[in-house]
Amino acid sequence: MNYGPVNWLAPPLALVLVILGVAWLAWVNRLAGDLARGRVSLETLMGPPRDMLRDLHKEFRLTERPDLALWLGAPLLLLTLTMAALTVLPLSPDWVGADSSVGVVFFTAMFALTLVAAYWAGWGPNSKYPLIAGYRFVGLMLAYEMPLAITVIAVALPAESLSVSSIVATQQAAYWNALTQPLGLVIYLLCALAVPFWGPFNVVNAPELAGGALVELSGAPKLLWRFGQYALLLTTSAFAVPLFFGGGAGPWWPAPVWSLVKILLVSGALVALGHGLGRLRLDRFMWWAWVVLIPLSLLNLFLIGLLILIWPGLAGK
Amino acid sequence: MSMEIVVFVVLALAAMVSGWLVFRVDSMARATFSLLGSFLAVACLMLLLASEFLFAITFLMMIGEMVIMVLYMIAFMMNPAGLNPMNMVHQPRWAAAAGIVTFLVLASVILVTDWPVSEANPPADVTAAIGHELLGGSMLIFETAGVTLLTGMIAVMAMAARRGRFGDAIQVQREDDDGGGHDHGGHH
Amino acid sequence: MHRARHFAFGRPRAFPVVGLGGVEPWRELLLHRQLSLGRGPRDADLLVLSGEIPTDWGNTLRALFETMALPRLVLYVAPGADTDPLPGLPPGYTASSVEGIDWTLLWERLLDSQGPSARALLADQPPTPWRGRGDHGQGGEGMMGGTPYGRPMAMTMEDPDQLALDDVPTALGPHFPGLPSGLYLGLRLQGDRVRQCEGVENRFPSQSPPPGSGHREPALRARAREAVPVADLEQARLRSHLGWLADLLDLCDRPGLAMRLREARKDLDSHALRRLLDRAESRQLYYQTRNIGVISSAQARQWRLAGPVARASGLKLDTRNHDPAYRELGFQPVVERGGDVWSRCRVRIRECYQSLDLLDRAGDAHTRAPEGARGSFLDTAGGGLDTPSARNLAALQPGLAGLEWHEAVLFVGSLDLDTEEAAWR
Amino acid sequence: MYTTALLYALAGLLFGLALLALGRVLRFGVITTEPARQPFESGMDPQVHAWNRFHVRYLNYTLIFLLFDMEMVYMYPWAVVFLDVGWKAFMEMGMFITILLLGILYTWREGAFRWD
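Chains as they are written, first to last, in our numbering: chain A, 1 to 317; chain V, 1001 to 1188; chain Z, 2001 to 2425; chain W, 3001 to 3116.
Isolated chain A, as found in the complex (with noise of 0.2 Å):
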């Protein structure tokens, strides 16, 4: 059997990239927030590097009874499942991790770790509002699950392929998705969202909450904590250059560096976005998602699966 040739060099690369990217969003998360509260000053820029050596020189300080191992795997798996995910993101056919025929299932199955992740930190501590919070996000999950594989297969469904790198050709011989399935844009960019519990889903790390499972997190786990979800916000949004703005297509520039440009603009308007979008009830988003969202995003399928049926000149046939 043939494993495929290792790409040593790609691992490393793509972990500096993550590292820059998550540098990125957390000073425009600074900003966004400080635009909101009308206070842009130096401290803007300094702010996310002093928050960083300030966890790190806080200490970590253990809960009277936690599961260690379930506590600190949180954050470290959620760090682990974001890089795996992005073995098939291609910023290029030639820069990428690793093309998989099935790299689409690949990814979301590594979103759903997510959840094992949450679930971790909510019930690591031992402490009751943190395992709220991990037993709110798990009711997040059943609500953004569905739409988001039902779009992401529409998604797949002209490039006749669940590879990341030929649903990008097909849009490039053809048209980009965003144009064709606006609808699953945004049901995909709601759920990239969720995924990484940001902005209006912050279930997991609620105010209501106390801060729900960062009460009891400081120190570098704190940190780690946050660079996940930065990290994971990063990869959910990034995936929606692929999928639906033509990857690397644009004049000029290398096909690397577009995907890259259109990563990081992806990835900050998200992150601004959740910010001032106040903050969605978990049950009336649950009820929302089943009702509403699930039949929009199979709605979104029939359209884009009928339109491709009769004109093929939609999938670049």
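Hints in this document: simulated from the structure, not taken from any laboratory.
Misleading hints may appear alongside valid ones.
Listed next, the in silico SDA-like pairs over lysine to any residue satisfying Cα-Cα at most 20 Å (straight line) [claimed, not checked]:
#  : chain 1 : residue 1 : chain 2 : residue 2
1  : W       : Lys3088   : V       : Ser1138
2  : W       : Lys3088   : V       : Ala1012
3  : Z       : Lys2266   : Z       : Arg2425
4  : W       : Lys3088   : A       : Leu306
5  : W       : Lys3088   : A       : Phe302
6  : Z       : Lys2316   : Z       : Arg2327
7  : W       : Lys3088   : A       : Ala36
8  : W       : Lys3088   : A       : Leu303
9  : W       : Lys3088   : A       : Leu299
10 : W       : Lys3088   : V       : Glu1133
11 : W       : Lys3088   : A       : Ile310
12 : Z       : Lys2266   : A       : Phe302
13 : W       : Lys3088   : V       : Ala1129
14 : W       : Lys3088   : V       : Met1046
15 : W       : Lys3088   : V       : His1132
16 : W       : Lys3088   : A       : Arg39
17 : Z       : Lys2266   : A       : Asp67
18 : Z       : Lys2266   : A       : Arg37
19 : Z       : Lys2266   : A       : Gly38
Mind docking chains V, Z and W on chain A? Use the hints.
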């Protein structure tokens, strides 16, 4: 070839050890996630069978299902975190004997049988092959699955939902217990 | 290393404990650029004690301070404070006002790894001794019994679904971030739903309003038959409502708008305030708060609720309604019918507009209506003081039963309880 | 391909562990006494352990999810051959999804999409 065997042994051991851990750890959370680990290892074994799709889809489904299972495990077990050590094994000797005998029988079957060797090469794209099968020969199975799932949905809702169109199920039942004389069909 | 730490802790995180007269210093600190607001105490650097701390809070605060991860420090801000806040807490930094804080000195003490705050404060004893006891030396007995690792497990209780799942005693308050300090609610949770509220305790000591309270709450002077300028009364109401709205928006995950409201609250610029109130009274807030913690008008009457809380349930309770000065200004009480958290938000936001309007037109009109921001100050049968906050406490116990956790927190927040005022006699 | 994925995951894991180790080196100090490790409960001493038989209230959703989830198993392979097979694939999946949507419709009509 040797690489393949190493991967197989590692994954098989991982699946077995985490399966064993399910019964060794006290915490329901740890037990369920050990089970998840076991299933994920089995999912990775699919890769050795050159079935990437089955690997990925098993991986995806198992995560959701095991986390839902952990909700029920913790809700319905006493001492869910295993703060007091407990023994989850009943009749350990019989179980061990039965397990060893079954293993020996199955293992000897594997060794004794003269397995046929397939001449056909695996299809270039397994996923597409599955798709053609679903829309071709196995269409009836596929659509039957849909009806079965629908039956399942209706059945679980009829049994589990506290409220239906006719109001609060528990309330209704209580009224009936009092001889209230209401007849609400499916709520008995 | 030291410089790196100085930089790292340049904006220390604060966890607030608000004592007597401590609300305003804390709000001022919240706006201070040298400080950021933490969530829980674990990750906080400063335990901010604002105002005079009742002495019987000592044990709670020591336990709270002990759970803070290093480095940590007590910051005590109270008018006229020159000593340490409480015996038993390690000496930290004491200031009589927010402007008087010498941040360099504060950092020195925060980052002093040999200082008294860097050592364990309490004796190393578990909540219940457990080592070496029980079947496995973990303190437990059988499946559910004993105190494994120092605490018992939650026990079962049949719930409305006829499942026998655990009934977990959980505290909301006295120091929950975003809710008033000193208000302890003993909840029994099933999952994240409040099965019942067992106990409501205001941990502020009963006392007569200290001198100077009339400045903060002009309605108190009106209650003493003193003619008070309408402008004073309305300004105090506006400040109180805005402060409350900012706190509630924080709980709703809208810290940006909350901060702007606090900022605008300092000088009460009418134009800026109207714009911010417009933004606050949004669809988002509506969807987040509607149908939560509904109090019917019958309940409001039965529990003797006061002020905006009663008016949000459709009661036209407002002593200003009968006041000649207000009648001359064309005053009509603001009433909403929903009785939910959204209605209470709505009433207060509309009252903010109304106060801005009255402030424009009041001139030097004087009034004797004892209507404070939270309701009217009345006399008890014995001639004592009956405060609106004390009356509104009655809504907590019946109102909390059956709510989900996030609903419970918003419900408590929406009542705008002033725990210090509730203890006045 | 999956060796690369493993390396990616490993890179993430190692970076995470490195951060944790760095935090351990840089940390200001550590207190390990029992009272210092009390879980936060608004400043009160918790009466019981937090771990409990947690009563989730979205159980209805979990059941529907488990069943609806199965649809995805069929949908991925279907998507790959959709254009190849054409209208037949469209009709078949349409039928399948309509059947499943009936389940959602039923649940919605029963009013069971709620937190009990």
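We went through each hint and held it up to the structure:
As the CA atoms of Lys3088 (chain W) and Ser1138 (chain V) are separated by approximately 14 Å, the hinted pair is consistent with the 20 Å bound. With a CA separation close to 41 Å, the supplied pair Lys3088 (chain W) and Ala1012 (chain V) exceeds the 20 Å bound. Restraint check for Lys2266 (chain Z) and Arg2425 (chain Z): not satisfied, since their Cα atoms lie roughly 30 Å apart, outside the 20 Å limit. As the CA atoms of Lys3088 (chain W) and Leu306 (chain A) are separated by approximately 12 Å, the hinted pair is consistent with the 20 Å bound.
Distance hint between Lys3088 (chain W) and Phe302 (chain A) is fulfilled; the C-alpha atoms sit about 14 Å from each other, no more than 20 Å. With a C-alpha separation of about 15 Å, the suggested pairing of Lys2316 (chain Z) with Arg2327 (chain Z) holds against the 20 Å cut-off. Distance check on the hinted pair: Lys3088 (chain W) and Ala36 (chain A) sit about 53 Å apart at the alpha-carbon level, beyond 20 Å; violated. A C-alpha spacing of about 16 Å is found between Lys3088 (chain W) and Leu303 (chain A), which places the hinted pair at or below 20 Å, so the restraint holds.
With a CA separation close to 18 Å, the supplied pair Lys3088 (chain W) and Leu299 (chain A) stays within the 20 Å bound. With a C-alpha separation of about 13 Å, the suggested pair Lys3088 (chain W) and Glu1133 (chain V) falls inside the 20 Å cut-off, and the hint holds. Straight-line distance between C-alpha atoms of Lys3088 (chain W) and Ile310 (chain A) comes to about 13 Å, which keeps the hinted pair within the 20 Å bound. For the proposed pair Lys2266 (chain Z) and Phe302 (chain A), the alpha carbon gap of about 56 Å is over 20 Å, so the pair is violated.
Taking the CA atoms of Lys3088 (chain W) and Ala1129 (chain V), the gap is near 16 Å; set against the 20 Å cutoff, the hint holds. About 30 Å separates the Cα atoms of Lys3088 (chain W) and Met1046 (chain V), which puts this hinted pair outside 20 Å; it is violated. Taking the CA atoms of Lys3088 (chain W) and His1132 (chain V), the gap is near 11 Å; set against the 20 Å cutoff, the hint holds. As the CA atoms of Lys3088 (chain W) and Arg39 (chain A) are separated by approximately 60 Å, the hinted pair breaks the 20 Å bound.
A threshold of 20 Å between alpha carbons decides the hint, and for Lys2266 (chain Z) with Asp67 (chain A) the separation of about 47 Å lies outside it, so the pair is violated. A distance of roughly 15 Å separates the Cα atoms of Lys2266 (chain Z) and Arg37 (chain A); the hinted pair therefore holds under the 20 Å criterion. Restraint check for Lys2266 (chain Z) and Gly38 (chain A): the C-alpha separation of about 15 Å stays at or below 20 Å, so the hint holds.
In terms of the numbered hints stated before, the structure departs from hints 2, 3, 7, 12, 14, 16, 17, listed from lowest to highest.
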